[in-house]
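Colleague: As you go down the protein sequences, you meet chains R and D in turn. Counting in our numbering, the first sequence runs from 1 upward without gaps. Counting in our numbering, the second sequence runs from 112 upward without gaps.
Simulated from the structure, these hints should not be mistaken for lab results. Beta carbons: idealized from backbone N, C-alpha and C, even for Gly. Careful, some of the hints might be misleading.
Stated by the list, open to error - One side of the interface only, derived from the structure: several residues of chain D facing chain R at Cβ under 10 angstroms: (1) V130; (2) W137; (3) I141; (4) I159.
Stated by the list, open to error - Estimated spans, in silico, between C-beta atoms of each pair: (5) E58/R <-> S212/D: 24 to 30 angstroms; (6) R71/R <-> G148/D: 42 to 48 angstroms; (7) C84/R <-> V184/D: 47 to 53 angstroms.
2 protein chains.
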Amino acid sequence: MAGAAAAGEPVCPLFHEAVELVGRRWTGAILRSLMDGPLRFSEVAAAIPELSDRLLSERMKELEARGLVKREVIPGPPLRVRYCLSPMGHELEPALGELQSWARRWLSSSN
Amino acid sequence: MAGAAAAGEPVCPLFHEAVELVGRRWTGAILRSLMDGPLRFSEVAAAIPELSDRLLSERMKELEARGLVKREVIPGPPLRVRYCLSPMGHELEPALGELQSWARRWLSSSN
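The task is simple: from the sequences and hints, build the whole structure.
Modeller: Printed below as a string of structure tokens:
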């Protein structure tokens, strides 16, 4: 945020796109689960117990299509699939880390 | 992110709550418009032209209820109302700033 914006100056459309992308239901949690390294589908599912497999699968496809997540097939047998963040996805770490800090500071006592 | 989490370790519920809160449709843009100082309703509306007044009003009430935004009445005449971030809202600045940087780096060329 370089300097003060004039009152009512339009919000950057790229920012708006980013916050809607990351804020889409469950997307933030999925990205966060992958921050520490590649996971198998079942491991992402275990990290977010409230999320159904069907919806997780849908979100994963969206994240692949947007270039944030990569699907890797590890030759077998047994053939295995795992998911990892692309460089684009990994570079969300500072933003999501700041949001985690904020959440610990402000949400733990307000509930 | 202190150290690597075990594979499939549950995503922090406070993080999940934060990302769903900030990522709720239009909420990120509204918060961002207020980062540089208090604005009148019409100025927030001007900063986010695609957002209807009805929905902006709804979101503002939600943000007030969550303690992120404060409504100030400035005695008149003419009586004026303006909106500003609470300390809780202001402390989202690092997270939203990082997201803005990410958006500039990754979304401008991928569209």
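Colleague: Against each hint, give a clear statement of whether it holds in the structure.
Modeller: Going through the hints against the structure:
At a threshold of 10 angstroms, the smallest CB-CB gap from V130/D to chain R is about 3 angstroms, leaving the interface hint in force. Annotation: interface hint on W137/D holds; nearest CB of chain R at approximately 8 angstroms, less than 10 angstroms. Contact between I141/D and chain R, as hinted, is supported at the beta carbon level, the nearest pair being about 8 angstroms apart and thus within 10 angstroms. Nearest Cβ of chain R to the Cβ of I159/D: about 6 angstroms, under the 10 angstroms cut. The hint holds.
Checked against the given bound of 24 to 30 angstroms, the beta carbons of E58/R and S212/D, roughly 28 angstroms apart, stay inside it. Taking 42 to 48 angstroms as the suggested C-beta distance range, the pair R71/R and G148/D conforms, at roughly 44 angstroms. C84/R and V184/D have their C-beta atoms about 51 angstroms apart, which keeps the hinted 47 to 53 angstroms range intact.
The structure meets every hint from the earlier list without exception.
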